[in-house]
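There are 2 protein chains.
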Amino acid sequence: MTELKNDRFLRALARQPVDKTPVWMMRQAGRYLPEYRQVRAQAGDFMSLCKNTELACEVTLQPLERFDMDAAILFSDILTIPDAMGLGLYFAEGEGPKFRKTVRTEADVDQLQVINTASDLGYVTDAVSMIRRELNGRVPLIGFSGSPWTLATYMIEGQSSRDFMRAKTMLYTQPEVLHQLLEKLSLSVIDYLNAQILAGAQVVQIFDTWGGALSHNAYLEFSLAYMKKIVDGLIKHADGRDVPVILFTKGGGHWLETMADTGCDCLGLDWTVDIGAAKSRVGRKVALQGNMDPAVLRSDREGIESEVKTILKSFGSGQGHIFNLGHGITPDINPDNVKIFIDAVHQFSGSN
Amino acid sequence: MTELKNDRFLRALARQPVDKTPVWMMRQAGRYLPEYRQVRAQAGDFMSLCKNTELACEVTLQPLERFDMDAAILFSDILTIPDAMGLGLYFAEGEGPKFRKTVRTEADVDQLQVINTASDLGYVTDAVSMIRRELNGRVPLIGFSGSPWTLATYMIEGQSSRDFMRAKTMLYTQPEVLHQLLEKLSLSVIDYLNAQILAGAQVVQIFDTWGGALSHNAYLEFSLAYMKKIVDGLIKHADGRDVPVILFTKGGGHWLETMADTGCDCLGLDWTVDIGAAKSRVGRKVALQGNMDPAVLRSDREGIESEVKTILKSFGSGQGHIFNLGHGITPDINPDNVKIFIDAVHQFSGSN
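Respectively, the protein sequence lines represent chains A and B.
Convert by adding 30 to the 1-based position in the first sequence; the result is the number in this note's numbering.
Convert by adding 30 to the 1-based position in the second sequence; the result is the number in this note's numbering.
Since the hints were derived computationally from the structure, they do not count as laboratory data.
A hint or two may mislead.
Heads up, the list lumps identical chains together, so a pair's fine if it works in one copy or across two of them.
Below 25 Å or equal to it, Euclidean Cα-Cα: the simulated SDA-like pairs (lysine to any residue) are [what the hints assert, rightly or not]: (1) Lys339 x Asp193; (2) Lys369 x Thr203; (3) Lys81 x Thr360; (4) Lys128 x Thr360; (5) Lys339 x Asn247; (6) Lys258 x Ala307; (7) Lys128 x Asp362; (8) Lys315 x Arg271; (9) Lys369 x Pro205; (10) Lys343 x His284; (11) Lys128 x Arg192; (12) Lys339 x Glu206; (13) Lys339 x Val207; (14) Lys343 x Gln204; (15) Lys131 x Asp221; (16) Lys369 x Met195.
Sequences are here, hints too, so could you generate the full structure?
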């Protein structure tokens with residue numbers, strides 16, 4: 031494969047020195063970009079865009095044309111696995127993801143098959159291969175998956191939820207059924223991420239969007255244990271390099287020490303955590319990725335630069351910081367402010 | 031006033047020994063009780079129930095008739111203050127609270143008047159007086175208010191929100207306008223809680239439901255600073271007793287040490303925090319209230335008792351634990367399970 035021209039992101043993940051703090055944004059290929067909205071309109075619905083290799087590749091690269099980001103992330107959805115399991119993912123306009131079928135009983139769980147990425151999700155690995163080729167070594171490519179618990183919440187509820195009533199009912203009344211579901215999802219995620227790695231993903235991130243809704247003990251048993259299983263099952267070296275794994279539990283700031291013990295390489299932080307305090311807690315065991323509130327991007331240059339400086343200062347000196355938002359960028363953001371943000375990270379970390 | 035027959039709750043708040051761990055539930059007077067739904071139907075809409083002294087008193091006492099709770103909490107809403115400021119609170123069926131007027135500009139904030147509880151919110155203090163009389167010393171009565179930041183989010187958004195887009199836009203683009211709003215709200219909350227204390231509330235709790243949506247620094251500046259101002263401004267002794275203050279920031283587990291430094295007496299914990307770890311962090315400076323996930327109440331006797339034991343064991347020996355849920359009880363819960371929960375706290379803490 032082509033030599034990597036910008037390896038800041040990989041160096042920071044390995045806690046090696048960098049000239050400037052690397053930066054990328056969760057959901058950087060997305061609706062805040064007019065060129066994305068144009069391609070999306072051309073593709074039809076959201077899943078058609080994910081399943082169209084050329085267009086998925088095109089939107090993945092769009093933010094890199096505008097901004098000086100240090101990584102690309104595969105354009106896809108976290109719910110491709112349950113869709114491949116036959117639940118029928120669709121996006122009702124303005125309502126978020128929904129499933130035509132739900133998983134609520136032991137019989138429902140029994141019927142689910144662990145996915146085989148090659149036959150069930152070839153559109154994802156095709157996109158990874160094409161993006162990697164098109165990137166031509168410009169920056170590393172991140173593959174990703176939802177965490178088993180996060181996928182399970184959508185499969186059980188059938189849609190997004192505020193309180194996860196059905197998923198938690200299963201957790202507290204039929205824990206063994208939930209464990210069986212999470213087991214099947216973990217095996218699927220391992221297969222899915224390994225296929226992305228073999229297709230060219232240089233880093234993988236596990237998005238545990240809803241782990242933070244769980245109690246301390248339930249998080250350890252029903253979310254983190256399965257992410258650890260995935261970390262254990264992933265291909266560690268490919269393409270002549272280590273393949274780092276990033277764990278991101280939104281609202282998971284309480285559990286950083288235990289998350290770091292899974293053997294992952296980096297923890298994603300949401301904005302509620304002080305990144306300097308997080309660094310004191312995990313030491314050099316893992317890199318840290320984050321953690322500006324996406325809402326800061328609604329501010330002006332002064333406000334954005336000030337927040338970037340605050341976070342850089344809180345992390346302080348030493349290796350292992352990847353700058354990011356604390357969650358995905360929202361559709362209302364002006365792309366000009368994204369440029370201010372990305373440039374500020376490089377400018378102020380260079381002189382730090 | 032009448033002598034208090036059950037002072038477990040006050041003793042635990044003062045970190046004094048108790049025979050059993052006291053317990054109450056946030057939203058214990060609420061829709062999960064059929065007798066509540068009956069009174070609610072009689073009153074008409076939700077605000078009419080809050081404003082009807084006799085009925086508000088009746089529903090406050092309902093859970094105590096069924097369960098062996100160690101405290102009563104005033105039946106009211108956290109949004110009475112913005113309603114009294116003229117924003118026109120109403121509840122659209124199944125949609126949560128809404129305001130007819132919003133507060134989004136400097137001019138909007140300028141027009142707001144600090145409330146005078148005696149003239150603007152007499153229905154609340156009337157209810158406190160009547161409940162206190164009807165309780166006749168059975169258990170202590172808790173008064174409460176929303177936190178300034180939490181009230182501000184509803185006033186700015188006009189309703190509940192998932193991402194607080196407008197409130198955070200004000201925070202990051204017009205922080206001085208938000209500070210002015212929070213200042214007026216703080217003065218109003220001080221007046222409101224002191225009026226409740228003078229009317230008979232023996233404990234007060236500040237509900238910071240949305241503080242956990244803020245970044246570390248924004249929380250300190252825009253939520254906690256104003257709660258500290260309120261703690262400083264409250265009447266400390268009334269009716270021959272100290273008046274303890276409980277701070278509850280949902281999602282605030284990162285900030286316990288700083289919250290404890292406000293001079294409050296107790297911190298409410300949501301279920302994401304391990305209560306034993308929280309106790310190690312704050313020491314004997316404050317009592318801790320919490321923290322079972324309300325979803326556990328969907329389980330059976332075995333599941334509920336097991337979780338109660340886990341939390342009691344995590345807190346361990348020593349004074350200063352008030353058992354509670356980590357957030358309000360949800361309408362779907364079977365009241366029989368509430369009885370199992372309340373009795374389990376007393377039974378297993380007695381033998382601990």
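How the hints compare with the structure:
1. Lys339 x Asp193: between (35 Å within a copy, 24 Å between copies)
2. Lys369 x Thr203: Close across copies (18 Å), not inside one copy (49 Å); limit 25 Å.
3. Lys81 x Thr360: For Lys81 and Thr360, the Cα distance is within 25 Å only inside one copy (23 Å; across copies 40 Å).
4. Lys128 x Thr360: This pair counts as both: shortest intra-copy Cα distance 20 Å, inter-copy 24 Å.
5. Lys339 x Asn247: between (36 Å within a copy, 13 Å between copies)
6. Lys258 x Ala307: both (24 Å within a copy, 23 Å between copies)
7. Lys128 x Asp362: Classified as both; 23 Å inside a copy, 23 Å across copies.
8. Lys315 x Arg271: within (19 Å within a copy, 51 Å between copies)
9. Lys369 x Pro205: between (46 Å within a copy, 23 Å between copies)
10. Lys343 x His284: both (22 Å within a copy, 19 Å between copies)
11. Lys128 x Arg192: Classified as both; 14 Å inside a copy, 18 Å across copies.
12. Lys339 x Glu206: between (47 Å within a copy, 21 Å between copies)
13. Lys339 x Val207: Between. Shortest inter-copy distance 23 Å satisfies the 25 Å Cα cut-off; intra-copy 47 Å does not.
14. Lys343 x Gln204: For Lys343 and Gln204, only the inter-copy Cα distance (24 Å) is at most 25 Å; the intra-copy one is 46 Å.
15. Lys131 x Asp221: within (23 Å within a copy, 52 Å between copies)
16. Lys369 x Met195: Cα proximity of Lys369 and Met195: across copies only (20 Å, versus 40 Å in one copy).
Going through the hint list in order, the structure satisfies each hint without exception.
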